[in-house]
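Note that the protein sequences, when read in sequence, are chains A and B. Okay, so the first sequence: first residue is 1 according to the working numbering, each after it adds one. Okay, so the second sequence: first residue is 1 according to the working numbering, each after it adds one.
Careful, some of the hints might be misleading.
Note: identical chains are not told apart, hence a pair may lie in one copy or across any two.
[Claimed, not checked] In silico SDA-like pairs for lysine to any residue, Cα to Cα no more than 25 Å straight-line:
hint, residue 1, residue 2
1, Lys200, Arg63
2, Lys182, Gly203
3, Lys153, Ala92
4, Lys182, Lys200
5, Lys217, Asn234
6, Lys200, Pro61
Hints listed in this document are in silico derivations from the structure and should not be mistaken for laboratory results.
Chain residues, written in single-letter form:
Protein chains: 2
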Amino acid sequence: MKPNSKLTLIGFVVLALAFAPKVVRAADPLSSWNDGKAKQSIVAFVEKVTKEGSPDFVPAPERIATFDNDGTLWAEQPMYFQLLFALDRVKALAPQHPEWKDKEPFASLLKGDVKGALAGGEKAIAEIVMVTHAGMTTEEFERIVKDWIATAKHPTTGKLYTEMVYQPMLELLAYLRANGFKTFIVSGGGVEFMRPWTEKVYGIPPEQIIGSSIQTKFEMRDGKPVLVRLPNLNFIDDKEGKPVGIQTNIGRRPIAAFGNSDGDLQMLQWTAAGAGPRFMLLIHHTDAEREWAYDRTSHVGRLDKALDEAAARGWTVVDMKKDWKVIFPFGGK
Amino acid sequence: MKPNSKLTLIGFVVLALAFAPKVVRAADPLSSWNDGKAKQSIVAFVEKVTKEGSPDFVPAPERIATFDNDGTLWAEQPMYFQLLFALDRVKALAPQHPEWKDKEPFASLLKGDVKGALAGGEKAIAEIVMVTHAGMTTEEFERIVKDWIATAKHPTTGKLYTEMVYQPMLELLAYLRANGFKTFIVSGGGVEFMRPWTEKVYGIPPEQIIGSSIQTKFEMRDGKPVLVRLPNLNFIDDKEGKPVGIQTNIGRRPIAAFGNSDGDLQMLQWTAAGAGPRFMLLIHHTDAEREWAYDRTSHVGRLDKALDEAAARGWTVVDMKKDWKVIFPFGGK
Numbered sequence: 001m002k003p004n005s006k007l008t009l010i011g012f013v014v015l016a017l018a019f020a021p022k023v024v025r026a027a028d029p030l031s032s033w034n035d036g037k038a039k040q041s042i043v044a045f046v047e048k049v050t051k052e053g054s055p056d057f058v059p060a061p062e063r064i065a066t067f068d069n070d071g072t073l074w075a076e077q078p079m080y081f082q083l084l085f086a087l088d089r090v091k092a093l094a095p096q097h098p099e100w101k102d103k104e105p106f107a108s109l110l111k112g113d114v115k116g117a118l119a120g121g122e123k124a125i126a127e128i129v130m131v132t133h134a135g136m137t138t139e140e141f142e143r144i145v146k147d148w149i150a151t152a153k154h155p156t157t158g159k160l161y162t163e164m165v166y167q168p169m170l171e172l173l174a175y176l177r178a179n180g181f182k183t184f185i186v187s188g189g190g191v192e193f194m195r196p197w198t199e200k201v202y203g204i205p206p207e208q209i210i211g212s213s214i215q216t217k218f219e220m221r222d223g224k225p226v227l228v229r230l231p232n233l234n235f236i237d238d239k240e241g242k243p244v245g246i247q248t249n250i251g252r253r254p255i256a257a258f259g260n261s262d263g264d265l266q267m268l269q270w271t272a273a274g275a276g277p278r279f280m281l282l283i284h285h286t287d288a289e290r291e292w293a294y295d296r297t298s299h300v301g302r303l304d305k306a307l308d309e310a311a312a313r314g315w316t317v318v319d320m321k322k323d324w325k326v327i328f329p330f331g332g333k
Numbered sequence: 001m002k003p004n005s006k007l008t009l010i011g012f013v014v015l016a017l018a019f020a021p022k023v024v025r026a027a028d029p030l031s032s033w034n035d036g037k038a039k040q041s042i043v044a045f046v047e048k049v050t051k052e053g054s055p056d057f058v059p060a061p062e063r064i065a066t067f068d069n070d071g072t073l074w075a076e077q078p079m080y081f082q083l084l085f086a087l088d089r090v091k092a093l094a095p096q097h098p099e100w101k102d103k104e105p106f107a108s109l110l111k112g113d114v115k116g117a118l119a120g121g122e123k124a125i126a127e128i129v130m131v132t133h134a135g136m137t138t139e140e141f142e143r144i145v146k147d148w149i150a151t152a153k154h155p156t157t158g159k160l161y162t163e164m165v166y167q168p169m170l171e172l173l174a175y176l177r178a179n180g181f182k183t184f185i186v187s188g189g190g191v192e193f194m195r196p197w198t199e200k201v202y203g204i205p206p207e208q209i210i211g212s213s214i215q216t217k218f219e220m221r222d223g224k225p226v227l228v229r230l231p232n233l234n235f236i237d238d239k240e241g242k243p244v245g246i247q248t249n250i251g252r253r254p255i256a257a258f259g260n261s262d263g264d265l266q267m268l269q270w271t272a273a274g275a276g277p278r279f280m281l282l283i284h285h286t287d288a289e290r291e292w293a294y295d296r297t298s299h300v301g302r303l304d305k306a307l308d309e310a311a312a313r314g315w316t317v318v319d320m321k322k323d324w325k326v327i328f329p330f331g332g333k
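With these hints in hand, go ahead and build the complete structure from the sequences.
Given below as structure tokens:
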């Protein structure tokens, strides 16, 4: 290219920019949402509470929005991802535990019989969770979760778990924050299982993550303070526990709450019972093709009573199949 | 005044403003601090961690600063203010409890014998705390605290309790926030006793208050969800409990921690043990004239082991008498 033609090209670009249309249309912050009742109800609520001088105006510090995680921000099938993490950890730890070969639920699990291992019900699950989640320091557990989440793949999609988040919900989180909301996770999952990756994936910092927990104990090891994770439950952040967790950690009532199962019902009831404008939303898993379809009889993320209450009280229900243009950032499963 | 002279006056003001010196000296954000080692160490730390490109730079989301409350942000003599609240509540509730006339610790208390009432030690205090802090909903308790804090007066100064906050610490909180820090309270006091007033007084929102707590229970009353405060301890946010409370609620380690007693030692140790630049500060109550002087043998806010460790490890120790120009916004006591 000769200097002259280069100059001409630059001149052309400058001219083109100078005459480009000045009015650029604002990009739709909820572009993965189809234009239906669900999307409209979200936008109407946000516009209402952020309009200064309106009777529905809510000052920014009180714009607290709480989100369930499993089935609301990321998928939860064929079972909770934290349980898949625990199963992977059992396999990784097995060489240090030769006794597991003859001991349920570990014996079945190590033979690849997940169903057999989980046949022991809540007791079996609790045992698996405790051996994989306790007995190390908080820093060691954080490292274990970080390593797993960076590499482990979902059993049916083959995707990283952090890719199995809902694109429309990522947009909703960002939209709310752009409108002065403070977004929190209030999940039945373990709080320390979420914190290592939620800031990067959802833009929600560790101090805005509320979840279930086991006890920890402060102690000195070689003159260095550590927090050791103990095999005792501390708090179950599910059902009646969600409003308790919200009050303990946030200390004020959300004005908007988002869930997908009966485990979120009390959080939505608690949110709805406050004064002033309120917004309650349930995600209904209706898309067997792009995600999964389940509700009233599902073992994971059962949505039954909460679906009835949403209908009776006029809460927003998202029909994933109809309301969402895409499910995951990579599309459907 | 004639129109003319009015115009002349306006003209003069306009001229005066126009010729006013353009370079205004930035006000000192820590103007109540004398220029000594304590103030210098604070400023040096803040400048270091906020200087982009420097090896000590800390990104804003990680600038977590935790503050004890009693004796660090507000006074704690002649006894913890929350205990004075509980004593006031016993008096207010006495008409509904005729049986208290013959039952310790209430009998002594109602006769005005506080010393006698507290002679029963921790058990007596726990009884007083539970009857005054439990048995109502969270909303009812919030209202009780708000009413008390708005009207109750300190027994020796006659000031509102919210006036008995340390002016230099209010400046420090604001200075840290202006430099991108997120400020938290981590107190042995009750979390729901602090939240109703800490946002207004310290600029710290409810979700950044960590404290001791009793259990709460979600239930429906006349179709309305409430959280009922139960007479059972949930968490003691003191000593070894402070790092536990920090991890549970914040989920990341502070880079700066501020306390005044042995109850804060583990919080400072936990803060000090992180990687990168760290700042630990203890307030030493040395001013019997303007506030109170106490340390190694005090029943309230004992400062003994932590004072030794601060000396050994080079943590900043504030000498209230020497380092603070004023103690309270209204001056000294």
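(request) Check each numbered hint against the structure and report the violated ones by number, ascending. (result) Nothing - there is no hint that the structure violates, so all of them hold.
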